[in-house]
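Let's have the full structure, built from the sequences with the hints guiding it.
The listed protein sequences correspond, in order, to chains A and B. When you line the first sequence up against my numbering, it's residues 787 to 1249, in that order. When you line the second sequence up against my numbering, it's residues 6 to 369, in that order.
Just so you know, the hints here were simulated from the structure itself, not pulled from any lab data. This one's a predicted model, so the numbers in the text were calculated from it and none came from an experiment. Every residue gets a Cβ at the ideal spot worked out from N, C-alpha and C, and that includes glycine. Keep in mind that a hint or two might mislead.
[As the list claims (entries may be wrong)] Think about it this way: if two alpha-carbon atoms lie no more than 25 Å apart in a straight line, the pair counts; the simulated SDA-like pairs of lysine to any residue are:
hint, chain 1, residue 1, chain 2, residue 2
1, A, K1085, A, I1121
2, A, K1187, B, D155
3, A, K964, B, I17
4, B, K241, B, M63
5, B, K203, B, D313
6, A, K1215, B, K13
7, A, K1213, B, K13
8, B, K121, A, K853
9, B, K116, B, K176
10, B, K369, B, F92
11, A, K1205, B, W87
12, B, K68, A, V824
13, B, K116, A, V824
14, B, K241, B, N351
15, B, K33, B, K13
16, A, K1205, B, K13
17, B, K13, A, I1217
18, A, K853, A, T869
19, A, K964, B, W87
20, B, K306, B, I342
21, B, K45, A, T793
[Claimed, not checked] Taking CB as the label site, the calculated pair distances span:
hint, chain 1, residue 1, chain 2, residue 2, range
22, B, N30, A, I846, 41 to 47 Å
23, A, L1141, B, L54, 27 to 33 Å
24, A, I805, B, D78, 30 to 36 Å
25, B, D78, A, T966, 35 to 41 Å
26, B, L76, A, F1190, 28 to 34 Å
27, A, G1239, B, F24, 19 to 25 Å
28, A, I805, B, M274, 36 to 42 Å
29, B, K13, A, I846, 42 to 48 Å
30, B, Q48, A, L1169, 33 to 39 Å
31, B, R202, A, L1220, 56 to 62 Å
32, A, R1060, B, I20, 34 to 40 Å
33, A, N924, B, L76, 32 to 38 Å
34, B, D179, A, F1190, 35 to 41 Å
[To be verified] Here are some of the chain A residues that sit facing chain B, going by a computed Cβ distance under 10 Å:
hint, residue
35, Y1185
36, K1214
37, N1218
38, T1233
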Amino acid sequence: MVFSSITFLFYFLPIVLGIYYIVPTKLKNLVLLVASFVFYFFGEPVYVLLMAFSIIVAYIFGILIDKFKDTKYSKIFLILGITISIGLLVYFKYANFIIENLNFWLNNKIDFIYVALPIGISFYTFQMLSYLIDVYKNKTKVQKNILKLAMYISLFPQLIAGPIVRYRDINDQIDNRKHTMEKFALGVRRFIIGLSKKVLIANVLGEMINTFLSSSEMSVLYYWLYGISTMLQIYFDFSGYSDMAIGLGKMFGFDFMENFNYPYIAKSITDFWRRWHISLSSWFRDYVYIQLGGNRTSKVKWLRNILIVWFLTGLWHGAAWNFVIWGLYFGILLIIEKVFLSKYLEKLPSIISHLYVLLLVMISFIIFNGENVNQIIENLCGLIGIGNIPIVSPESIYYLKSYFVVIICGIIFATPILKNIITSNNKKKFINALEPIALLCLLIICTAYIVDGSFNPFLYFRF
Amino acid sequence: MNEKRKNKVITIGFIAILFILFIANIIKKDEAVSISERRKLAQFPTVTLENVASGKTMEEIDKYVVDQFVLRDSFRSIKAYWSDYIFRQKDNNGLFLKDGCIYKIEYPLNKKNVQKTSSKIKNICEKYLNDDMNIYYSLIPDKNYYLESDYLKIDVYEMQKVMQEVLPNIKYIDITDALSLQDYYKTDLHWKQENLRKVVKVLEDKMNLKNTSNIHYEIQNLGSFYGAYYGQLGRKIFPDTINILTSNTINNSNTYNYQTSNNEKVYNMQKFKTSSDKYDVYLSGATPLITIENKDGSNEKELLLFRDSFGSSIAPLLLENYKKITLIDLRYISSSILDKYVDFENQDVLFLYNTLIVNQNILK
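See the structure below:
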């Protein structure tokens, strides 16, 4: 089930909210647990068992790690727990990728396995890993109530598209969380904003991207339209999901970490990754990069550490080489910035550093979106007119005109301009009066788009 | 408004919208068809263990709740207006409104599909037709063709060039100059029968038929007509009016529908009253095989008209030249079994297709 669906918005959510606020406090976690399993079952009826198994693994190994704390067995149980969790992830997500590469490099003929990727497995596996590692490192207490641990891992607002909520960040909230009108309203606001980002910007641009991908009438203008639209689509889709997750969390009393902070206003790639998918980059920083020694080691090992982290970051996004290339591309850019470029970037006029980031990020998403290497090369070459293509074509002009306002809206809303206006003290009364009307109208308009059966993809099926 | 009151309004408003629509959807009775969209609506699926385990049931439920959503047409209208007035998009789901007329984008020219459609025509010629027969083909431009240049539209001449390569021995009849935007309905893809005299004239000239320009047809206005595009667009615009042309020849002619085994008049008024598509008044609408017999005709010639829905309205106007017209719609009957129903003798043969059909390769 996806948030931007009628089933979720007008059946699942009202029922769950209704029951959640009717039952006494002690039953609220149970309601969320059952709701989360129903939510996951609706999208992945069989793999709900896999998630249950993963939860049991996390629960048992968490208990064992804690019980044998300060002994060598604690580490053994940690390694076992991590191995099983990652083993499941590798089997369900990477097995066919590995077989494909083995067959290619070793001329083997290993048969592919018939297994579908369980939605959200990368997110909940990383949550489980952070839980086990934090218990081992005494950064959080072990959870002895399996229902509460299950509720944390399966919690539906963040289950299928993040943010990757760490157990230690919401441990206290599982038992003690506040439900106030203010928090609920804040949640509604975030949810509707996220829904609008997804339905009104990302999905609309997604239609144009699909048209481009099926077109044979290419031009330089069309490639740029594709590049810019892809950038905006991925940002609004992903940050929209995160906003919806954070908003839903607040409706149920939780405070999840922020996942995006206007990444397209970054002035360097380093800055960009402080603002993009924060929960994932901080996860890799804390559980991989620092564990490998971070930057407190020799220069060669430091560079190795960066490349390992970005290789894994790329691979996390999907079992295909374009994701690996995408990750390493950022790894190399970050190394270049860290080694010498950042000091020059700081001195450059803002406009130049913004353009530098936007161009490199656009190229990255063309790599990210590519079906194969040929398509990636073709889409990149198209930006500079390689391949005997015209500057413009009737189709590209038509779609530029047709999507111009949406793209401009996307560019404006990707910056904090609107937020700054709303949060400024000037005309506060007027904005306060306008905000509820605007939000509720947006909810109706998003509903209209969903009812119309407009393009509504789930981009994270490969995560 | 202070913060507290604002939060209250947001919370109550959100909860109200969620619960009102939830309850309204529960109460609302399911509908079988959408009249405006002219399609069957998804119904609640049959729940079986196998379908639940495979996720099929959930997919079907997702479709069902969207199709049966309360005030569905109004929500679709909101989307259409937002897309047009706020986002200034040039089309909504491939449809757009210009000067009170609705258009659907069919773009780009799909050369492979055009070649495949042409090959099917070629196969029919080789299998069933002989060299003594007069064989023609013609393309009915989609109405977008007559729009100004910054709209995406199929180039009819480019399409014809592709067809000509596959069908070098069949004569092409160009009717593009005999039509204009005014000859099409505003809310539908089809042409208006009352405006087809110029097209008929071109066909008569090119097919060496007698000129029927002097024949007088009565125009009978049947009333308002909301075409297929009207419901798909989801916007409120004025309807068209639908007319039929009558003459003694048409009035005295009968049709035989091979699918229903019924004899009907050329204009099926019963269909007009009951069908959601009023265009079905012409030869009873979509059907694989139908013949029209001209009982007044002194002419012994017959015509085989390979056609789509556009053919239904022009065929009656060709009756003055033929004793019998056999209309074959290859979207509903396979070309491989035609000889079971049609005697291929010495008829004139006209392949008359709208560019949308040729571009989609949907002939069997």
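Now the hints, each set against the structure:
Under the criterion of a C-alpha separation no larger than 25 Å, the hint pairing K1085 (chain A) with I1121 (chain A) is consistent with the structure, at around 11 Å. Our distance criterion of 25 Å between C-alpha atoms is met by K1187 (chain A) and D155 (chain B), whose separation comes to about 10 Å. This hinted pair checks out: K964 (chain A) and I17 (chain B) have alpha carbons roughly 19 Å apart, not beyond 25 Å. Taken as a hint, the K241 (chain B) and M63 (chain B) pair is broken in the structure, with Cα atoms around 34 Å apart against an allowance of 25 Å.
Distance check on the hinted pair: K203 (chain B) and D313 (chain B) sit about 20 Å apart at the alpha-carbon level, within 25 Å; holds. A C-alpha spacing of about 15 Å is found between K1215 (chain A) and K13 (chain B), which places the hinted pair at or below 25 Å, so the restraint holds. Of the pairs offered as hints, the one joining K1213 (chain A) and K13 (chain B) holds, with about 20 Å between alpha carbons and a cut-off of 25 Å not exceeded. Annotation: proposed proximity of K121 (chain B) to K853 (chain A) is violated, straight-line Cα distance about 71 Å (limit 25 Å).
Between the alpha carbons of K116 (chain B) and K176 (chain B) the distance comes to roughly 20 Å, so the proposed pair stays at or under 25 Å and holds. Distance check on the hinted pair: K369 (chain B) and F92 (chain B) sit about 40 Å apart at the alpha-carbon level, beyond 25 Å; violated. About 23 Å separates the Cα atoms of K1205 (chain A) and W87 (chain B), which keeps this hinted pair within 25 Å; it holds. Proximity of K68 (chain B) to V824 (chain A) is assessed by CA-CA distance (about 18 Å); at most 25 Å being required, the pair is judged to hold.
Among the hinted pairs, K116 (chain B) with V824 (chain A) is inconsistent with the structure: their alpha-carbon atoms are about 48 Å apart, more than 25 Å. Simply put, K241 (chain B) and N351 (chain B) have alpha-carbon atoms about 49 Å apart, too far for the 25 Å limit, and the pair is violated. With a C-alpha separation of about 29 Å, the suggested pair K33 (chain B) and K13 (chain B) falls outside the 25 Å cut-off, and the hint is violated. Of the pairs offered as hints, the one joining K1205 (chain A) and K13 (chain B) holds, with about 21 Å between alpha carbons and a cut-off of 25 Å not exceeded.
A hinted pair counts as satisfied when its Cα atoms are at most 25 Å apart, and K13 (chain B) with I1217 (chain A) qualifies at roughly 15 Å. Simply put, K853 (chain A) and T869 (chain A) have alpha-carbon atoms about 19 Å apart, close enough for the 25 Å limit, and the pair holds. Our distance criterion of 25 Å between C-alpha atoms is broken by K964 (chain A) and W87 (chain B), whose separation comes to about 38 Å. For a cut-off of 25 Å, the pair hint linking K306 (chain B) to I342 (chain B) stands: about 24 Å separates their Cα positions.
Between K45 (chain B) and T793 (chain A), the direct Cα distance comes to roughly 20 Å. Compliance with the 25 Å bound is thereby established for this hinted pair. For the pair N30 (chain B) and I846 (chain A), the beta carbons lie near 43 Å from each other, so the given range of 41 to 47 Å is met. Between L1141 (chain A) and L54 (chain B), the C-beta spacing of about 57 Å breaks the proposed range 27 to 33 Å. I805 (chain A) and D78 (chain B) have their C-beta atoms about 32 Å apart, which keeps the hinted 30 to 36 Å range intact.
Checked against the hint of 35 to 41 Å, the pair D78 (chain B) and T966 (chain A) passes, with Cβ atoms roughly 39 Å apart. For the pair L76 (chain B) and F1190 (chain A), the supplied restraint of 28 to 34 Å holds, since their beta-carbon distance comes to about 31 Å. Restraint check, G1239 (chain A) to F24 (chain B): a C-beta distance of roughly 24 Å satisfies the suggested window 19 to 25 Å. A hinted range of 36 to 42 Å for the beta carbons of I805 (chain A) and M274 (chain B) is inconsistent with their spacing of about 56 Å.
Checking the proposed 42 to 48 Å range against K13 (chain B) and I846 (chain A) shows it holds: the Cβ atoms sit about 46 Å from each other. Taken as a hint, the range 33 to 39 Å is violated for the pair Q48 (chain B) and L1169 (chain A), whose Cβ atoms sit roughly 48 Å apart. About 58 Å separates the C-beta atoms of R202 (chain B) and L1220 (chain A), a value consistent with the hinted range of 56 to 62 Å. At about 36 Å, the beta-carbon gap between R1060 (chain A) and I20 (chain B) stays in the expected band of 34 to 40 Å.
Taking 32 to 38 Å as the suggested C-beta distance range, the pair N924 (chain A) and L76 (chain B) does not conform, at roughly 56 Å. Distance hint for D179 (chain B) and F1190 (chain A): a CB-CB separation of about 37 Å, consistent with the stated range 35 to 41 Å. Look at Y1185 (chain A): its Cβ gets to within about 8 Å of chain B, closer than 10 Å, so that hint holds up. Restraint check, K1214 (chain A) versus chain B: the minimum CB separation of about 9 Å is within 10 Å; hint holds.
Annotation: N1218 (chain A) was flagged as interfacial toward chain B, and the flag holds, the nearest CB pair being 4 Å apart, inside 10 Å. Contact between T1233 (chain A) and chain B, as hinted, is supported at the beta carbon level, the nearest pair being about 6 Å apart and thus within 10 Å.
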